[in-house]
Structures are given as structure tokens and as C-alpha cells.
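Undergrad: Spelled out, the chains give:
Number of protein chains: 2
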Amino acid sequence: MNFLEERIRKDGLVKPGNVLKVDSFLNHQMDINLLDEIGREFKRRFGDKHVTKVMTIEASGIGIACFVAKEFGVPMLFAKKSKSINIAGEMYVAEVESFTHQNKNQVIVSKKFLSPDDHLLIIDDFLANGCALQGMISLAESAGATVEGLGIVIEKGFQIGGRVIRNLGYDLESLAIIDAMDAETGTITFREQ
Amino acid sequence: MNFLEERIRKDGLVKPGNVLKVDSFLNHQMDINLLDEIGREFKRRFGDKHVTKVMTIEASGIGIACFVAKEFGVPMLFAKKSKSINIAGEMYVAEVESFTHQNKNQVIVSKKFLSPDDHLLIIDDFLANGCALQGMISLAESAGATVEGLGIVIEKGFQIGGRVIRNLGYDLESLAIIDAMDAETGTITFREQ
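Residue numbers (our numbering), protein chains in the order written: chain A, 1 to 193; chain B, 1 to 193.
Mixed in with the good hints, there may be bad ones.
Since the list gives no way to pick one copy over another, a pair counts as held whenever it fits inside one copy or between any two copies.
Derived DSS-like pairs: lysine-lysine, alpha-carbon spacing no greater than 27 Å straight-line [said to hold, decoys possible]:
no., residue 1, residue 2
1, Lys80, Lys104
2, Lys21, Lys112
3, Lys21, Lys49
4, Lys10, Lys49
5, Lys10, Lys112
6, Lys10, Lys104
7, Lys104, Lys49
8, Lys15, Lys112
9, Lys49, Lys15
10, Lys43, Lys21
11, Lys10, Lys43
12, Lys80, Lys43
13, Lys104, Lys43
14, Lys104, Lys81
15, Lys111, Lys49
16, Lys43, Lys15
17, Lys21, Lys81
Calculated from the structure, these hints are not laboratory results.
Excised from the complex, chain A in its bound form (with noise of 0.2 Å):
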């Protein structure tokens, strides 16, 4: 087990309907220490990339992406989910479809932010069916910049998010992923890696 699959084992709750409570940690209250160590790991995994700027969408992710920004010396661009239609010609617009939901969202970020010479990393807090994903993907195509690779602090294994984006050829690293979990005894089962 690794520091973070620990720490869920530790702090996060299972609750009914494969819902993961890390909210004590990672997406609410958030442990400045754990996200540093975050930070460290997607160093280790990553170094060898040519990686010019961290990406992520707001909000949860923000705080882990500043962190991997950190250790990589880059600036970080968090994308912003918008509701409203009407976008001036500035932003790149990504139109995503929630399995979850059955709506669509908009995804947005800066074309002063974005250009064919980024290589991105693509930070995120969770993964499940890959939504907020593929619009940070289609983002960087939209700008013709380059997606170095995709680091998730946890992946819902059994939801087909990870699959996707596996199956696309992006270099998709999880620090921990989830195959099974279990409400009434708590138990959470992770993937080998």
C-alpha cells in the first residue's frame, strides 16, 4: 500500500452507492502535507516529461495541481465550468456530457493560456467516468498543445472513465485506484499496481 491508499483506508468513509468520502483530506478540509506528497509522486511518475504547465478544472482540483506546478517549476491554468452560453471568442470551449447527471457543461479556459507549444500535465482529484477529463482533452486539442500525461489522485476502477482514456493512448497515472468498495462493511478493495 502506498501513503495515499493508507491514508483512504485511514480517513476516507464508503458510503452507499460507491460513494467515497475524502472530504476530511482531499476535497474539503485538505491536508497541506499529503498534498505536498501528492505533489512529489506525480514528480517521480512524470520527471522524465517535457511538462510546461499544469491543468486542472476547478475546484477541487486546484489545490493538488498547485502542488505538482510546484515540484515541476511551471505555472498551473485551472479550467472553469460555465453554465452560461454566452462566451466571448477568447476562451477555448468544451462542451461535456455528465453520465452521472445526463447534462451538459461547459468547460472553459483562456486561448491566452494555451497555445501549441504547452505540454500539459492534466491533474485531477478523482476519476470516475471521465468527464471533466475529456473536456480538459479536448481544451488542449482545441489549442493544438500537447497532453504529456494525466495524473488522478483516485480512480474509481469499476466506473469506465480510466479505460477510456487508457484505450486513447494517454499516459493515465492513478495513485490509487478503487476496484471495489463496500458501504456496509466499509471495506475498500485497491488495484494492485
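Assemble the complex: chain A is given as a structure, and chain B must be docked to it using the hints.
TA: Only chain B this time, still in chain A's reference frame:
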């Protein structure tokens, strides 16, 4: 001029309607070295306070608050903006009326992470009319937590928020206070501190 005022002069863009764009380094693309320096500066200014937790609000405050929390060696907690009325009893809720948009928004935080034992340093990127800060102060009050201080990166000194918070007796520190902006000339007048 301090490091932040210098950076605003260099990379900030003044737009009509008293809008200051700092999206190249602070609230869309983020300069991590600057955030780190901001964290150290708030530690210098609030270092004599007993701080157990740093609190901010999503989304653009999160990165800054992470680096402040790192300096103090405490967790960071971010309040969420919520549009839904159906919040279970497990959240503190503050209803905040926006001066600008003339609508009401809910700001929420889990009761698990705020208690009378908490001494909070509240952090945000911008202060204009102060709605976000008022919401966070209200959340702290609901929990019986102590607000040790409030740290703002950029205060629009010509709007009412800063005066209100200081009149209420809070220790509010803004790294840069803008007294006037001129979109035609691009001039920014900082308040002497």
C-alpha cells in the same frame, strides 16, 4: 511598492468598469512562485496569531490558501458555493446577498470541520463589496470558531467591503489596496500602507 503591487503594475490589465484582470498570474493561470511568496507574506503579517486552520472559498482562493496553510502548518478548508436549498443538517450555511448581481447565494461548509476550538485565518484573492468574506465570517460564527484575521491579496479600496470588515473590528490585511484605476491610461493607484 511591495512585490505584489509590482506584479500587478507589470501584468495586471485595467478594463472599463473598474475591472482588474490578473488572470495571467493569480486567478486563472497561477504563478506558483508568487503564491508561495504570498503565503510567506501572510505568515509574516499574522505570525503572532494562534491559527489552527486556514479557510477560503472556492475557487480562486484555494491555491493561495494552500500556500498560506503550508506556512502555518495547518489544514486548509474551503467553503463551497451552493445554489441548492436542500442542504442536510450536516452543513453550516450562510446566505449571502450579492451587491453586484442582486441575487442570493449560499456558502456552505461541513460541520465536521469547524468547531469552537478553531482559530481561523480567512484568505481570499479579491475583496470588493465583501460578500464572500461576510459569508465566511458568518460560517465561523455559526460554528463558534474564532476569526483571528482575514488576508486578502487585492482589495478594491474604492468599494465598501474593506471598510465594513474593519469597522466590525476584524484584523484585515490586504497585500495591495487599489484606490483608483483608469482603463484609458491603464493607471493603477495603490494606497500607501
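Undergrad: Evaluate each hint against the coordinates.
TA: Going through the hints against the structure:
1. Lys80 / Lys104: both (14 Å within a copy, 21 Å between copies)
2. Lys21 / Lys112: So lysine 21 and lysine 112 pass the 27 Å test across copies only (12 Å; inside, 36 Å).
3. Lys21 / Lys49: neither (32 Å within a copy, 32 Å between copies)
4. Lys10 / Lys49: neither (33 Å within a copy, 31 Å between copies)
5. Lys10 / Lys112: Between. Shortest inter-copy distance 16 Å satisfies the 27 Å Cα cut-off; intra-copy 42 Å does not.
6. Lys10 / Lys104: For lysine 10 and lysine 104, the Cα distance exceeds 27 Å both inside one copy (35 Å) and across copies (38 Å).
7. Lys104 / Lys49: Answer is neither: 33 Å inside a copy and 45 Å across each miss the 27 Å cutoff.
8. Lys15 / Lys112: between (41 Å within a copy, 16 Å between copies)
9. Lys49 / Lys15: neither (37 Å within a copy, 38 Å between copies)
10. Lys43 / Lys21: within (26 Å within a copy, 31 Å between copies)
11. Lys10 / Lys43: within (25 Å within a copy, 31 Å between copies)
12. Lys80 / Lys43: So lysine 80 and lysine 43 pass the 27 Å test inside one copy only (25 Å; across, 29 Å).
13. Lys104 / Lys43: neither (33 Å within a copy, 42 Å between copies)
14. Lys104 / Lys81: Answer is both: 11 Å inside a copy and 20 Å across each meet the 27 Å cutoff.
15. Lys111 / Lys49: within (24 Å within a copy, 42 Å between copies)
16. Lys43 / Lys15: Neither way: lysine 43 and lysine 15 sit 32 Å apart in one copy and 38 Å across, limit 27 Å.
17. Lys21 / Lys81: both (22 Å within a copy, 19 Å between copies)
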